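Listed here are the chains, written in short residue letters.
Number of protein chains: 2
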Amino acid sequence: MSDIPETVTDPSRQDALEDGQLRGSFVESVEVALDEGDEARVQELVEPLHNADIADLIEQVPPNDRAALAAALGDKLDPEIIAEMDDQVREDLIDILPPERVAQVLGELDTDDAVAIVEDLDESDQRAVLLELDPDDRAAIEEALGYPEESAGRLMQRELIAVPDHWSVGQVIDYLRGGSDEELAEDFYEIFVTDMRHHPIGTIMLSRMLRAPRDRSVRHIMEKEQTLIPVYMDQEEVALRFQKYNLISAAVVDDDERLVGVITVDDIVDIVQQEADEDFRKLTGAEEGGLNERTRDIVRQRLRWLVINLGTAVLASLVIGVFASTIETIVALAILMPIVASLGGNAATQTMAVTVRALATDELTEANTRRTIIKEIRVAVINGVAIAVLIGLGTWAFFQDPKLGAVIALAMVGNIMVAGLAGVLVPMTLDRMEIDPAISSSVFVTMTTDVMGFFLFLGLASVVLL
Amino acid sequence: MSDIPETVTDPSRQDALEDGQLRGSFVESVEVALDEGDEARVQELVEPLHNADIADLIEQVPPNDRAALAAALGDKLDPEIIAEMDDQVREDLIDILPPERVAQVLGELDTDDAVAIVEDLDESDQRAVLLELDPDDRAAIEEALGYPEESAGRLMQRELIAVPDHWSVGQVIDYLRGGSDEELAEDFYEIFVTDMRHHPIGTIMLSRMLRAPRDRSVRHIMEKEQTLIPVYMDQEEVALRFQKYNLISAAVVDDDERLVGVITVDDIVDIVQQEADEDFRKLTGAEEGGLNERTRDIVRQRLRWLVINLGTAVLASLVIGVFASTIETIVALAILMPIVASLGGNAATQTMAVTVRALATDELTEANTRRTIIKEIRVAVINGVAIAVLIGLGTWAFFQDPKLGAVIALAMVGNIMVAGLAGVLVPMTLDRMEIDPAISSSVFVTMTTDVMGFFLFLGLASVVLL
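Each protein sequence line maps, in turn, to chains A and B.
When the letters of the first sequence are read in order and numbered with full-length UniProt numbering, they come out as residues 1 to 466.
When the letters of the second sequence are read in order and numbered with full-length UniProt numbering, they come out as residues 1 to 466.
Bound conformation, chain A alone (with noise of 0.2 Å):
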């Protein structure tokens, strides 16, 4: 088997990866080689690791070694590496690189690659490092940048490959046989054929593509029905539309249905993960980053949801104030009402966390928004009826007293249908009025549950047990 030309995996690279995560022995010997100052042998750890890998170890290396780090890769620097790093240390990273660096990086990109990077830049910076671009990538970039920020204008590459209605697939493959690199979108997998007007009126597979006869026009082995992408729409529907009709690539069209760009799927894949995180953090109140998100920011941005959360725990004590000579007589009441406001919170987080996603990507629409309220309450029902049970039996038991074991039953009951209303119906009315239902449904519904669970039970003590 001497002709095997190479073998694929590399050994040297098993001892930087496992599980294709970088080894934490790995990091460290790059770590003390940097500390060191011996850039020779940082390169040679380096040597064997893939582009993305390499942005992996940028990362994972204390933010203080990276610029070292950096500098031991010099030309090594791939454009690549800087794609593919996060968002948060690839700015920290840019502002010690040259503006020509950043610049020459960028003309080595594809534009959506390139925007994706020059659209986190300060202002200063942006206009410093496209002054150093060549004019053709410059115009490309300042293009896209006059597109929304998450549009698909910002995400579409314009490198793509059109053809006109008339030729025959010999044609085609002659062209991109002639064609010289610069000209050519790299790698690509349909080809785009449009009319006179430069309306895209059809796709071809390149799988199809290479197995037409070279006499066939194009017409003929054409798909006409395509789903075409105006160049304002959302990422976030640009994804949708990508997973429902499992699209590979799409054409990007200006509002004159003129073809201007591709989207591809492997970009499309991180922005699923990337919305699907984001529903997730905000859900919560965490940061919109990911771990490598500066201290400060995350400060702010968990600051401001502790506080607004601080004005609802209050709203809730307030209601516990004017129960204060309830509570007085009968000190069991403290002990028991954190329970009802807290499965009142957990049923309702449950129910939000269901109708968030479903809203987040389209499950939840006209048609079938009646039967999932009633659906919800049916099964807010149940197992409310379930916990009060449990917790009226436990209750009459512990503190021999029936009477308040029925009032906290019928308080979780109460609190427990609230939550699965308030889960499923803020999350709507929030969508409704075209607020995102992620980032605050949570406030109103815990707030919901509290001050109702608070309510209900001391409310029903008041009445029944004094």
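Just so you know, these hints were derived from the structure itself, not from any lab.
If a hint is listed, it holds; no wrong ones were tucked in.
Given that identical chains are not distinguished, each listed pair holds provided it fits within a single copy or across any two copies.
Derived BS3-like pairs (lysine-lysine); straight-line CA-CA distance at most 25 Å:
#, residue 1, residue 2
1, 224, 244
2, 224, 76
3, 76, 244
Note that the structure is a prediction, hence the values are computed from the model and not measured.
Following the hints, position chain B against chain A.
Same frame as chain A, now just chain B:
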């Protein structure tokens, strides 16, 4: 412009869809037609829809109408529609279709889609359907079912293009043109190059293939660096590799490193969505499936979680019970104590959400664990002090009692620090113990902040105020 073959956007589809979703009014008119038993009208309405939209339609009509809709669709119930459908709805639908029809549907799908359907059937249905399949399809599906659920073996499709490394580009193209549709994968993005033992040794993007001269050897244009997916790898891990290395498709290899299948990125988009949603739901204790889950299953799944929550809430109550006499003396404590617990819970959930997702997406690694913990402590101290000052001053002002203000402020700082630590350490520890942090972190974390919140506040109050 008379030579434009057809308009791409069909106007009759515009009546049915709005912003990529089926209009409520459209779904209603289908329901009306179904109620009137007017199958012709149903077919007319459904006619312009894409298969993915028909799948949505079946999901959105009330469950009782689904059988009638499937019957009205008749032969137009395309295999792709069934593949696109929500798991739960599909299961119900397949229950009412005869096994021969299901087998026919499966025969027309790629192995991966067919397996996705068969694996959800209960055992007797599975056997009935497999018996009706033609032997080749049956063998392929049975082999796939032999791999663990959610493994690469279930996910991959067997239809792929592999060529020997001594071929030329021309030979490959002739092979592709000559092969019948039956034998070749219909749409593909990459060609795999294998050696004599069927080990994959390189890949060729179709766009490169198209642009290479016919007499060039495949060895010269293939990319040697490739990510091989072991057939037993978990799908979440597979998705992370695709994201990390921006893959469009990847070769799946068996234990002997032989090429056995291919996974394409369109399936990965769904997995990324699904895994993020699962984490999201698990963290809140909601059910695993989406909106179409059966009420019985929702109740069972959520109730289990609520019962666990009841247990932790009772535990917190026991802590309060210890300080019952203190509360009897100072009723303000009962009013204020939920605030301490609530903010602790909120702060912990913020940290936990970030940690759980960082673990799921491989961002949190050996190398940055210590740094992350230190950062969380720092954030917790700052936020804890900020909230403590607010609530401390507020309490002092409201109750005219500086000591009470100091007690709640101290308890708050303590509990928010506990929250930060628990939010990061609990998921990390569970992950090390190979327990899914998404599903079990919440219980431990909220229990910790509730118990510690009440203990710190009431304990300090007993010492300082009595």
